[in-house]
Amino acid sequence: MPAHHDHESVYSGLLVNDAHWAFGTDFEDPLAGVDTTVPDGVDPAVLARYCLVLGDDALVLSHRLTEWCGRAPDLEEDIALANIALDLLGQARLLLARAAAADPSCVPALPEGSPVPAEDALAYFRADRDFGNVRLVEVPNGDFAETTARLLLFATWRLALFERLAGSRDAVLSAVAAKGRKELSYHRDFAGRWFLTLAQGTEESRRRVLDALGGLWPLWPELFRSHPVETAAAQAGVGVDPASVAAEVDAVLARVFAAADVPRPEAAPRVGGAGRDGAHTEALGRMLAEMQVVARAHPGGRW
Amino acid sequence: MTTLDRARAAAESVVDPELPMLTLADLGVLRAVELAADGAVRVAITPTYSGCPAMAAMRDDLVRELRGAGFAEVRVRIALDPAWTTDWITPRGRAALAAAGISPPGPAPRRGGPVVLDLLPPRRDVRCPRCESADVELTSEFGSTACKALYRCRACLEPFDHVKEI
Ligand SMILES: [Zn+2]
Chain A
1 MPAHHDHESV YSGLLVNDAH WAFGTDFEDP LAGVDTTVPD GVDPAVLARY
51 CLVLGDDALV LSHRLTEWCG RAPDLEEDIA LANIALDLLG QARLLLARAA
101 AADPSCVPAL PEGSPVPAED ALAYFRADRD FGNVRLVEVP NGDFAETTAR
151 LLLFATWRLA LFERLAGSRD AVLSAVAAKG RKELSYHRDF AGRWFLTLAQ
201 GTEESRRRVL DALGGLWPLW PELFRSHPVE TAAAQAGVGV DPASVAAEVD
251 AVLARVFAAA DVPRPEAAPR VGGAGRDGAH TEALGRMLAE MQVVARAHPG
301 GRW
Chain B
1 MTTLDRARAA AESVVDPELP MLTLADLGVL RAVELAADGA VRVAITPTYS
51 GCPAMAAMRD DLVRELRGAG FAEVRVRIAL DPAWTTDWIT PRGRAALAAA
101 GISPPGPAPR RGGPVVLDLL PPRRDVRCPR CESADVELTS EFGSTACKAL
151 YRCRACLEPF DHVKEI
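Protein chains in written order, with the numbering used here: chain A, 1 to 303; chain B, 1 to 166.
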């Protein structure tokens, strides 16, 4: 056999060595070598919980979006939703890892010798009452119009938060936000264009997107209600009080609604607790049961 | 050639697992190659997107290449700040993308102040990498990987990937 250089065929290395696959057996610390020192004057428990709730928002919506894999209206949208889910999963992974580094006591205990990394322990071994995501991200996908409307609301809100979070005193959060806002601007504009298309499409597509928006609206005010952990994080200079982005988010949405000729919904806020406090809808428990079942069955498993 | 030069050359020869026509250096994800006091090579890489699934593969490839070049101790760290931008793709990298049928990115959007909402299909100065026609249409903002959009050439009718500006 002729000798050949490693890069002669770009895929040759992939075929002989399984360890080469990034999504194979090899977990890596997503913050390897990153300085995770908690800034002066910041309560590590507050920073950890704040990162955790922002991570949970992304993790739960990421999982909901992956439920579209192979089921979207067409191949392009299938791939788009999977890509958006991957971006959010990446943000979740960094935020959960940051939470664990700031306050290791927030990570569920696993059997001695378990190879499960901290961010996975947080994702797969917490119960729904320990998740701090807003309820908007956990309700089932519904149809494509509902998924579009939810993504528009979520990405508009999160982009505004991340724009400010890029100035966080915590260098890790600041870097995660500075990176994430580039991704979120693609997500928001993707959802905005589809919202417009559906609202101005057929009678049926307009009916569906109006129903979708009206159905989600009661969960919307929760995103701007300052939770004590958000207030504390904002006061410490590491977080953003969501109430402070309400006007900006509203202005962006108003532009989309005007372009789509859609009236702003008027549904009253949904009653009940807040997702940030772990008070969720039934849907989250069912979603987590499916998301976590394999990991929980094999707490010592390597993937 | 100094020891650091040799380490740098080895690290700079490693290609991206998903865009194997590009080296990590040409993609702009290789952020630093240094020699530590104990003789170890310290390498910093940055993810293109938050969910980049290729970081471990990049790390393994860097370690393998540097070990092959005689460096026993290699430490790869992740650099999150500043965030990767397509502006870091080198001219050689852009040429390699085009030669492989992938349209290279234009200038990344300028940051500063809130990101303006864009409800129209993105306007880019994109040419078909196959026939160089400017008569192209966007098929999807999200392509085969997170960093690419999908286009179609109306002249030669072939689909192609475009690396999105971020
Ligand atoms: Zn062409």
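Hints were generated in silico from the structure; no laboratory data involved.
Since this is a predicted model, take the numbers as computed values, not measurements.
Treat the hints with care, since some could be wrong.
[As the list claims (entries may be wrong)] Stretches of chain A that chain B covers, calculated by requiring three or more beta carbons in the stretch to come under 8 Å of a beta carbon on chain B:
1) 41-48
2) 132-140
[To be verified] Now the in silico label distances, taken between C-beta atoms and shown as ranges:
3) 110/B to 261/A: 27 to 33 Å
4) 118/B to 265/A: 36 to 42 Å
5) 246/A to 101/B: 44 to 50 Å
Glycine included, C-beta positions come from ideal geometry on N, C-alpha and C.
So, going through the hints one by one against the coordinates:
{"no.": "1", "hint": "41-48", "verdict": "violated (count 0)"}
{"no.": "2", "hint": "132-140", "verdict": "violated (count 0)"}
{"no.": "3", "hint": "110/B to 261/A: 27 to 33 Å", "verdict": "holds, 31 Å"}
{"no.": "4", "hint": "118/B to 265/A: 36 to 42 Å", "verdict": "violated, 24 Å"}
{"no.": "5", "hint": "246/A to 101/B: 44 to 50 Å", "verdict": "holds, 46 Å"}
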